[in-house]
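Protein chains: 2
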Amino acid sequence: MPTRAQHKTLNFIRHFIARHDCAPTLSEIAAGLGLRSKGSLHKHVQALAEAGYLKIRSGQQRGIELTRFAEQQLHSLPLLGRIAAGQPIEAIPGEDTLNLTEFLLGPDRFALRVTGDSMIDAGILDGDTVIVERRDTADDGAIVVALVDNGEATLKRLRKRGDRIELIPANTAYPPLIYPANRVQIQGVLVGQLRTYP
Amino acid sequence: MPTRAQHKTLNFIRHFIARHDCAPTLSEIAAGLGLRSKGSLHKHVQALAEAGYLKIRSGQQRGIELTRFAEQQLHSLPLLGRIAAGQPIEAIPGEDTLNLTEFLLGPDRFALRVTGDSMIDAGILDGDTVIVERRDTADDGAIVVALVDNGEATLKRLRKRGDRIELIPANTAYPPLIYPANRVQIQGVLVGQLRTYP
DNA sequence: CTTGACCGTTCTCCATTCGTTCTCTATCCT
DNA sequence: AGGATAGAGAACGAATGGAGAACGGTCAAG
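Note that the protein sequences, when read in sequence, are chains A and B. Counted from 1, the first sequence has number 33 at position 33 by the numbering used here; the numbering is strictly sequential. Counted from 1, the second sequence has number 164 at position 164 by the numbering used here; the numbering is strictly sequential.
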């Protein structure tokens, strides 16, 4: 059971790692907690390691690691169940944790901010963030990031029509774009999407 | 767990590959990080390879590959820029990394799967996952998880009208639900949303 | 095939950062 | 009062990271 100072220290370390992907130095912890010295911090970190919250690679800089338990907690949310209009929350059997890392990350992926409303009927709004997997081919019907004439990148639904490629907005206010296949280069395929609310 | 220089190096390599689809040379990394020498860079890249983040095709030029492990171990994606209909990808100054952990996680948050199409006009589709922050009050206009008569939980936009509360679907096919305030209990406020594509 | 620019690799030297330890002091809680 | 808890400050040695130079391999153009 950690003391109050230890608790604050542990919390800061967890947030720091979540933000920076690497552990803080003692001085950074001290600065973050408003301390002017790192003398006592060393004792707290040591105590946390003995209590099993942390592992320390002794002597190395930034040598603080979270234990597996603390780490698992850091990247997951409880997945409570399904929610629908007019129905109570219904538990999802066998699935009670949502690990964001597994859910959205993967090799050759990157993120893009969406501007404009051309994909609004597909539930992609202005300001959303989409996650794209870099690929140079895509199945018919997929939503892709496509480059036209090596100049303009757009997010559209792909339709292959023989030697023509149609880039179809999900908004009836915009017309489909139709090009010969050799003018369109696929940069990636939409694999995920996320949004935050203020 | 990489050191700070290693972490910056790895991040630069990820961005470079995401943009150019080929690995950078050591000199390019050095230039990108503001270094005048590549002597130490080689050590960092080597250390990253030993730690399993990279693979190196030894001797070959541009012989750096990212591993799957790197993407899963780091909790962020390169954020390349904005994308819009008919515009090239435009870099976002000062913001080049999307940290999922920081973006969506927080204390007192949980996830729910959405079924039904009652929020479709707000870009919330059947099968989406929403992230909810547990709270018992909410601002007017927020999207909330509300419990009516302690029985039915629904995801709706909240409108306060004096001692009445309106729960408004974002779908013109459904009517607003209007209750006296004492029959409606707010369970949480929508703070995030995510979706995966097959 | 030859050539030259480019690039990975290795080495040494040096400044800085950081973990560690120590002593001394202040605060809080039975 | 007395012990537990916490912080300030200083000092030391190890780890880290960068500069610069030199060597040899790779690759594409001539």
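Because the hints were derived from the structure by calculation, they are not lab data. Just so it is clear, the structure is predicted and the values come from calculations on it, not from any experiment. Certain hints may be false.
What the hints assert, rightly or not - Each pair of labels, with its calculated beta carbon distance range:
#	chain 1	residue 1	chain 2	residue 2	range
1	A	N11	B	R57	27 to 35 Å
2	B	I178	A	N11	17 to 25 Å
3	A	T97	B	Q185	36 to 44 Å
4	B	R19	A	R19	22 to 30 Å
5	A	P175	B	Q185	28 to 36 Å
6	B	D121	A	T97	15 to 23 Å
7	B	R134	A	A51	26 to 34 Å
8	B	I56	A	T67	29 to 37 Å
9	B	G127	A	R36	27 to 35 Å
Every residue, glycine too, gets a C-beta built ideally from N, C-alpha and C.
Violated hints - listed by number, lowest first: 1, 2, 3, 5, 6 and 9
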